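Protein chains in written order, with the numbering used here: chain A, 1 to 312; chain B, 1001 to 1349.
None of these hints come from the bench; they were simulated from the model.
Not one of these hints is a red herring.
Computed list of lysine-lysine pairs in DSSO-like fashion (alpha-carbon distance at most 30 Å, straight line):
1. B:K1008 x B:K1182
2. A:K43 x A:K282
3. B:K1038 x A:K149
4. B:K1323 x B:K1197
5. A:K18 x A:K282
6. A:K300 x B:K1197
7. A:K150 x B:K1038
8. A:K260 x A:K202
9. B:K1255 x B:K1197
Here the structure is a predicted model, which means the values were calculated and not measured.
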Amino acid sequence: MLRIRRVEEAIAQAYPAKEMRCPIHLSIGQEATAVGVCSHLQKEDHLYSNHRCHAHYLAKGGSLPKMIAELFGRVTGCCQGKGGSMHLSDPEAGMMGASALVGGTIPIAVGSALSFSLDRNALVSVVFLGDGATEEGVFFESLNFAALKKLPVIFACENNGYATYSAQYKRQATLNICDRARAFGMAHDQIDGNDVESVSVKSGLAIERARQGKGPILLELRTCRFRDHVGPEPDTHLGYREERELEQWRNRCPITRLEKQLLSGNTLTEAIRAQWLDEIDKEISQAFEFARASSFPGPKEVLTDVYAESPN
Amino acid sequence: MPKARIKKYWEAISEATVQAMEMNPRLILMGEGVDDPKGCFGTTLEAFHRFGSARVIETPLSESAMTGIGIGAAISGHPCLMVHLRNEFLLLGADQVINHAAKWHYMFGGQTSVPLTIRCIVGRGWGQAAQHSQSFHGLFAQVPGLKVILPSSPYDAKGLLISAIRDPNPVICIEHRWLYEKKGEVPDDIYSVPIGKASVVTAGCHVTCVAISHQVHEAQVAEQHLRRDGIEMEVIDIRSARPLDIVTITNSVRKTGRLIVADIAPAFGGFSAEICAAVSELSFAELKAPPLRIALPEAPTPGGPTLENQYYPTFEHIIQAAKRLVSGKHARISVERAPSPSPEFSGPF
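Extracted from the complex, chain B is given alone in its bound form:
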């Protein structure tokens, strides 16, 4: 029986990093703050202690060049793991990610691959405001040549990150900061979770909730409430946005006929739209109602706590959506706001 212990999400990421770097002595880690006393919210500290500055490389504030440098190292035989403390910083490297990393294998006729993994921290925190909380999984998932993963549990964080590092393609790993302190069982040994396979977190027959990243936890809370009210919700964790496991999703919708998509980004043009469109195309006959999206409002994230509270959808929205779908009534979703932030949230900021 392989040994497993309870670990936090950030510890699982750290473990994945260290074990991957042990297994492949050519793997290098780069980012702003990877070697500082906080070690990217603990995720790079152990790696720096173990492997030093030769392989854990502190970078200047040059996101565009550093992404390109990661690409160049990766294609030259040094697979590269990079980290951005906020997904927004990666936007400065968007040209390199989208126009170069994603295209390199295809446009050069399959001659060279780019084993580059870029970790990005996203999501609600403590007054992160407009520029330190966005998740661009939808943007990057739109680009053929990229892969996008969003682990929601410590087990998946370690396993998906290992898969991403081993993958010869550029992979963006989206990590919600409210997941960092979450605990779960994580095997001590190295293992991988396949990219492109969703997981059915709870089974149910009345409504399907496809949840993304931290919304998986909100959906699980909602599921417990709903079960007490006699509604069974099947919660699916997509785990990766590209490739997307549409088969697991449509199998579920075939059973329930009702779909909620809970995302950590706005709805308009967002990744939730892709899931709804794909399900509508493939499972139209099985749908008893149009899909419902639980997503961020069409506004930048406000900084103040009361507005932030107003801004973010929670399990209460998912409950209301499920009840609305099951009852067939079009009652407006109105929710009494939970206090912010979540009691166990203590960072990362």
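The shape of chain A in the complex, shown without the other chains:
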């Protein structure tokens, strides 16, 4: 979580230099959901995400230097500079892809689960989606099929209360997103998305259950995005949410909470924490250096990889 937070903060800090020419949707505040869920995933499990995919990509084991290079539009980026921040992918780590079309990867994750269930290989497919995505028709269609076929897919809904600047209560007739699963007889749970232990325990159970062929689950993880929907800045000046609300969530920051717990229990010391930060910041610094030192894709690259080559 600390690593993800430092990466996102480094991106936020570097962003005004305009070397990263793509919209960035930072995961600051939402580290626990990514880390808690992904801590139970193997490399071969499939993970899908959305425009806010940095934390998911890193938690799944995606390469950090390639991620930063991708944001910098370099040919060494994870998508050779062709995807940008909203379309991170590292299939070797099982991070299959992210879509900027809200809800877009939900059915694709179900497709992976279908493949896994046909192979009976005990692998699972996880898709991270926001509260907004649960309003798309494809969400309901996907839940239905996953439940019908008892597929090993985890619908991990990060409910941060807003779709861009639109509050959940303005968009949804009922606010407990987890309850949507009832329509399909699907298991579901609502979790404090800022308590990494809770996320880990509950998603661990859900993932194990799915591996055993007992079917899909909808997890509603309640959390908060600390900064603006897009970009590096805080956004309370916009007025759609109150400073007070944000303050309450910041007091429940997943990282601060865990650190406090570990420090008071003497599992963690300030010295170790400082060492971690040092290592993390070094790794991040190297990643930025790698990105800046990498070349841009050549002009011909515009037209490459439109189609996959046939093997023969």
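Add chain B to chain A, keeping to what the hints say.
Same frame as chain A, but now just chain B:
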């Protein structure tokens, strides 16, 4: 000598499906009605009997999700063949086809491919009306990352579908319902017809008719009439809209200097416009006259039989167009309407 027998278009599709599923045990088939007693006008029945519901998967009426699920299965090692009984249904999955399947390989830097084939039935039927007859090959052909095929014969139906299934890219296969009962020689073994190669159906030196899907048959009928009148028409079957074999087309226009494009969709902004534009750009000096398009009128398809008769262009339009081009006269095309529907048409509806 490889064995071949006379088969119907739909039988050729069924054969391609079964043989492809035999050859690749990981290939799955999904669609609404794939396992029902009619088996998508016979095209999926044999596959369901042979491979059962584990691999021939009946889907809910959830075209958007099912397309995405097809993508997900395909990228996870289960190439997927999907079928829509009407091209219109695929529109509900347009986000997945256009924004996801077509983009997946490119936007993720070539790391993952999407071996997904989607079959769609289009075209004139028996009062199909506005929502059950459209062909969106033009729409999908506009999207880099997609391939679009339109087989017009049983031989091509089997061969192109095999190619599409083997192709690691998303391919849309457009099947006109008036082709379903057409018969032709089809080899028993598995074989493929390359995507992106047009075929010269009949050779001629006076006028080129580039025909799409069922219009290939209308063009062949027109060609016979024209030959009796001393006009030789070269009929080209595009077979695929994307990639388009523009070389075969321009080679023909270099010879004839005259171009007709016969399409199964409206002209405005349609695929026929692409062919005309490309030929004009590449073969302007060889053209003796502007290209002529035979296409659907600028209206939704009417339901009633008399209006339907009025609506659809036939071989008579192609004859008139050819004569107009060859004579250089700008006579209006007026046609005496053939009765509808074609006598051999008995479905699919």
